[in-house]
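Engineer: Residues per chain, in single letters:
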Amino acid sequence: MLDVKNLTVTFPSRRGDFTAIQDVSIQVKPGEIHGLVGESGAGKSTIGAAIIGLLQPPGYVASGLMTLGDTDLCALTPEQAHEVRGDRISMIFQDPQTSLNPLMTIEDQLIETIQAHSDVSTSAARKRAVDLLEEIGIKNAADRIGAYPHQFSGGMRQRVVIALALCTDPELIIADEPTTALDVAVQSQVLDLIRQLADARDIAFILITHDIGVIAQITDNVTVLRGGRVMETGATERVLGAPEHPYTKSLMAAVPRLDRKLDRFLVPGDGGPPTASDKQGVDAEAWLLEGVQEGGLALEVDSLTVRFAGTRTSLFRKPDPYVALQDVSLTVPAGRVLGLVGESGSGKSTLAKAICGLVNPSGGNMRLGDAALPYGKARARRDPSRRVVQMVFQDPYSSLNARHRIGDILAEPLALYGLEPDKAARHALAIGMLRLVELEPDVIDRYPHQFSGGQRQRIAVARALLARPRFLICDEPTSALDVSIQAQILNLLKDLQAKFNLTILFISHNLAVVRQMADDVAVLQSGQIVEAGPSETFFEAPKATYSKSLLSLTPATNF
Amino acid sequence: MVYFILKRLVQSVFVMLAVALLAFSLFRFVGDPVSQMTGVETSVQDRERLREELGLNDPFVLQFGRFAGDMLRGDFGFSYRTRQPVGEMITDRIPATLELGTVALLISLLVGIPAGVYTALRPRGFMTQTILLTTLIGVSIPTFVIGIMLMFLFGVHLGWLPIFGRSGTVEIGSWTSSLFTLEGWRALILPALTLGVYQLTLTMRLVRAEMMEVLRSDYIRFATARGIPYRRLHFRHALANTMIPVITIIGLQFGGVIAFSIVTESVFQWPGMGLLFLDSIRFVDIPVMGVYLVVIAFFFVLVNLLVDMLYIAIDPRLRVKEAA
Chain B
11 MLDVKNLTVT
21 FPSRRGDFTA
31 IQDVSIQVKP
41 GEIHGLVGES
51 GAGKSTIGAA
61 IIGLLQPPGY
71 VASGLMTLGD
81 TDLCALTPEQ
91 AHEVRGDRIS
101 MIFQDPQTSL
111 NPLMTIEDQL
121 IETIQAHSDV
131 STSAARKRAV
141 DLLEEIGIKN
151 AADRIGAYPH
161 QFSGGMRQRV
171 VIALALCTDP
181 ELIIADEPTT
191 ALDVAVQSQV
201 LDLIRQLADA
211 RDIAFILITH
221 DIGVIAQITD
231 NVTVLRGGRV
241 METGATERVL
251 GAPEHPYTKS
261 LMAAVPRLDR
271 KLDRFLVPGD
281 GGPPTASDKQ
291 GVDAEAWLLE
301 GVQEGGLALE
311 VDSLTVRFAG
321 TRTSLFRKPD
331 PYVALQDVSL
341 TVPAGRVLGL
351 VGESGSGKST
361 LAKAICGLVN
371 PSGGNMRLGD
381 AALPYGKARA
391 RRDPSRRVVQ
401 MVFQDPYSSL
411 NARHRIGDIL
421 AEPLALYGLE
431 PDKAARHALA
441 IGMLRLVELE
451 PDVIDRYPHQ
461 FSGGQRQRIA
471 VARALLARPR
481 FLICDEPTSA
491 LDVSIQAQIL
501 NLLKDLQAKF
511 NLTILFISHN
521 LAVVRQMADD
531 VAVLQSGQIV
541 EAGPSETFFE
551 APKATYSKSL
561 LSLTPATNF
Chain U
4 MVYFILKRLV
14 QSVFVMLAVA
24 LLAFSLFRFV
34 GDPVSQMTGV
44 ETSVQDRERL
54 REELGLNDPF
64 VLQFGRFAGD
74 MLRGDFGFSY
84 RTRQPVGEMI
94 TDRIPATLEL
104 GTVALLISLL
114 VGIPAGVYTA
124 LRPRGFMTQT
134 ILLTTLIGVS
144 IPTFVIGIML
154 MFLFGVHLGW
164 LPIFGRSGTV
174 EIGSWTSSLF
184 TLEGWRALIL
194 PALTLGVYQL
204 TLTMRLVRAE
214 MMEVLRSDYI
224 RFATARGIPY
234 RRLHFRHALA
244 NTMIPVITII
254 GLQFGGVIAF
264 SIVTESVFQW
274 PGMGLLFLDS
284 IRFVDIPVMG
294 VYLVVIAFFF
304 VLVNLLVDML
314 YIAIDPRLRV
324 KEAA
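Chains as they are written, first to last, in the working numbering: chain B, 11 to 569; chain U, 4 to 327.
Do not rely on the hints blindly, as some may be mistaken.
What the hints assert, rightly or not - Part of the chain B face toward chain U, derived, beta carbon under 10 Å: (1) Ile62; (2) Leu64; (3) Met101; (4) Ile102; (5) Asp105; (6) Asn111; (7) Leu113; (8) Glu117; (9) Asp118; (10) Gln119; (11) Val171; (12) Ala390; (13) Pro394; (14) Arg397.
To be verified - Here are the simulated distance ranges between beta carbons: (15) Ala243(U) - Gln90(B): 26 to 32 Å; (16) Arg127(U) - Ala390(B): 54 to 60 Å; (17) Glu216(U) - Lys328(B): 47 to 53 Å; (18) Leu75(U) - Ala382(B): 52 to 58 Å; (19) Ser131(B) - Met152(U): 52 to 58 Å; (20) Lys328(B) - Val148(U): 56 to 62 Å; (21) Arg125(U) - Gly428(B): 55 to 61 Å; (22) Leu308(U) - Ala412(B): 46 to 52 Å; (23) Arg127(U) - Gly428(B): 53 to 59 Å.
Said to hold, decoys possible - Covered stretches of chain U, going by a simulated chain B footprint (3 or more residues, C-beta under 8 Å): (24) 215-222; (25) 230-238; (26) 275-281.
Treat the hints as calculated values from the structure; they're not laboratory data. Idealized CB from N, CA, C, for every residue including glycine.
Same shape as in the complex, but just chain B (with noise of 0.2 Å):
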């Protein structure tokens, strides 16, 4: 139904152009699911907006037919162009925080979508509207038509996304990373949702992915993508199940695996554990090692609380707390990994929060070695602890100061901490550092901007590691990556990890990601843990109802 043929997209730009798509094709059904699958900068999404005709400007097609059914897409003036969009193609969204109109209710944007290409009464596009949203599963639909965005919870909104993207029974939609942002259980619910309407209502889906899970726990074909071009093609089982393209089988090997724990993530030119080769380099190991001779240090977190304050809803009565982390006990040994896994909401960053005293909790107890960890408000700016707990966030883009150097940002904590008074001893260790971290010792004198995501992060690494820290906390070092960078960082985290003996309490919401990392495992649901315990014997037998639920709705990427 869908063709598209030797597909190629180019963006002009003053320094020549640039080819952001070569020569693809892709051929879907109704009633398919096709997935495009490849890493950021593969031209996934790109190949989306070529077909429904959104290319970002100046982007355009240079070469190729796109046809639907009988449709040259191609040939189509801009007006009738907007009129198959929604009427026969159409799009959901990545992030359905945001791709919903807030000053709109769900009705106003069902109705209008309803009447931009038929000419129904406002009742009858009501009707249609609300039967929809039951069919997608939204309860009391009658009733809840009428709220605004912000008043559903994430996975509904999805799912109200989906009715927007279908109300006008299209022939093809296009879904960008439809699943991304939400958590697995409801990743799940509206996977399973897409899988239910291309069968019942024999819809082509192009489902554009960076997750081989999801690729391969819905799709039917996938195309693999690498720098705008199509690596390897064919039905889903056959491609992940025996790779033919060289770079198919790297990205399978990066991908963490659920079932059993690897020592080393396969990464193409991966020489095993770096050994610091120069001179700088071996200087800047040693004197890290000579830091954390004593080894990495344990932490007991006893019947920890967290409030926040709840929004006010009364005048006359004060607002209820809200509960981020209600009697939480935990123990990190010494020298070992601690996973701590949730679903966004439980609380994994306010408790990586409350230890590094960036949260003033508000009843329990930690303790650091055997020194009791102060409250965040109470913690002395020259306290220990500010020194030997040390953090790896999320995001590499906003966690690095843009206006500063890659040599500053290393210096700093050596600085800061008064590890290193001497000027220059502290620009060879920062430059020792970026060897120990597989970076250039020349890009010293960079800024942030001129890294990729994974140096970013690996510079993180380094910045954290030179405050020579006996207990590192890393809070989704890898979710915002690749899965080939992800791999490089998760290797390298374990490498230093068995250098230097350090604790590491590893926050992550992706199971598979968790397992090949930790040595203990703890699950929080809600501010509470429900399970806690060795890593391996959790992911055989897991005990809690929550954590078998997790464990059986992460997708499996073996075959």
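Starting from the structure of chain B, add chain U where the hints point.
Structural biologist: Just chain U now, with coordinates in the frame of chain B:
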């Protein structure tokens, strides 16, 4: 929502108190009121007696309390210069300034918002560039120069419009309005244009920037992908979202227009509060200056309160959260 408005009201009271304190200290500490009122030949004993009678020897807090209380009851004291009650002088002048400010604001909105939308929708068009350049020139020239140029062109050269003063006024109760006669409008249009030009440029550029931002947002892209007609997409989806930040700035600016119409009023000899303020400064008429300060602050507070309520009307996210 009630809580939100109440909170704003309480905040407003504190703002007004602070301004009243400032006005009072101006009144009390800039120059000596007694020597302003009496001549050279008044004896020291008489001065002392006057001081005692006027309560100028009372503690500061008591004096301020009395000042604020008088203000609340509408007693604003007497002008040094004209010996008239200040309250009357100000209320006589308020209509002229408010009408000027409102018309200037309307001009800036009626031209600024459509121009902003147009330039956002065609960011590279020839018209857009022309509009942007012209308004940039307009905003770079000081207000009084624009005023004089307009006066020269339409008043002197073409002879279409009167060049100064307010005329064609109609009394409606205690309000003298010039909005009901052609003559009134003829006199009003030049000063209003002069005052509105800067606003217009600001509004236009703000609307343009916000609108371009909104047009890049996900929900606009999604609405485009659903084939919503462009007209509806631009004016229903995009414009409403554009207006949220724009309203704040316009509100603040309206307060500014009222407060700083001084230059325009003086160029056109427009008999509003700004001109009164200018005269008061010339004659060190401190009571009038103090009250002017309080009245202007009151307008600022009022407009901001209205903007906050408008916010709630536009943005459902600020309304009381119904059971989600």
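Engineer: Next, verify each hint and record whether it holds.
Structural biologist: Okay, the hints, checked on the actual structure:
| no. | hint | result |
| --- | --- | --- |
| 1 | Ile62 | holds, 6 Å |
| 2 | Leu64 | holds, 6 Å |
| 3 | Met101 | holds, 4 Å |
| 4 | Ile102 | holds, 8 Å |
| 5 | Asp105 | holds, 6 Å |
| 6 | Asn111 | holds, 5 Å |
| 7 | Leu113 | holds, 5 Å |
| 8 | Glu117 | violated, 12 Å |
| 9 | Asp118 | holds, 9 Å |
| 10 | Gln119 | holds, 8 Å |
| 11 | Val171 | holds, 7 Å |
| 12 | Ala390 | violated, 36 Å |
| 13 | Pro394 | violated, 43 Å |
| 14 | Arg397 | violated, 41 Å |
| 15 | Ala243(U) - Gln90(B): 26 to 32 Å | holds, 28 Å |
| 16 | Arg127(U) - Ala390(B): 54 to 60 Å | holds, 57 Å |
| 17 | Glu216(U) - Lys328(B): 47 to 53 Å | violated, 38 Å |
| 18 | Leu75(U) - Ala382(B): 52 to 58 Å | holds, 57 Å |
| 19 | Ser131(B) - Met152(U): 52 to 58 Å | holds, 56 Å |
| 20 | Lys328(B) - Val148(U): 56 to 62 Å | holds, 58 Å |
| 21 | Arg125(U) - Gly428(B): 55 to 61 Å | holds, 59 Å |
| 22 | Leu308(U) - Ala412(B): 46 to 52 Å | violated, 38 Å |
| 23 | Arg127(U) - Gly428(B): 53 to 59 Å | holds, 55 Å |
| 24 | 215-222 | holds (count 3) |
| 25 | 230-238 | holds (count 5) |
| 26 | 275-281 | violated (count 0) |
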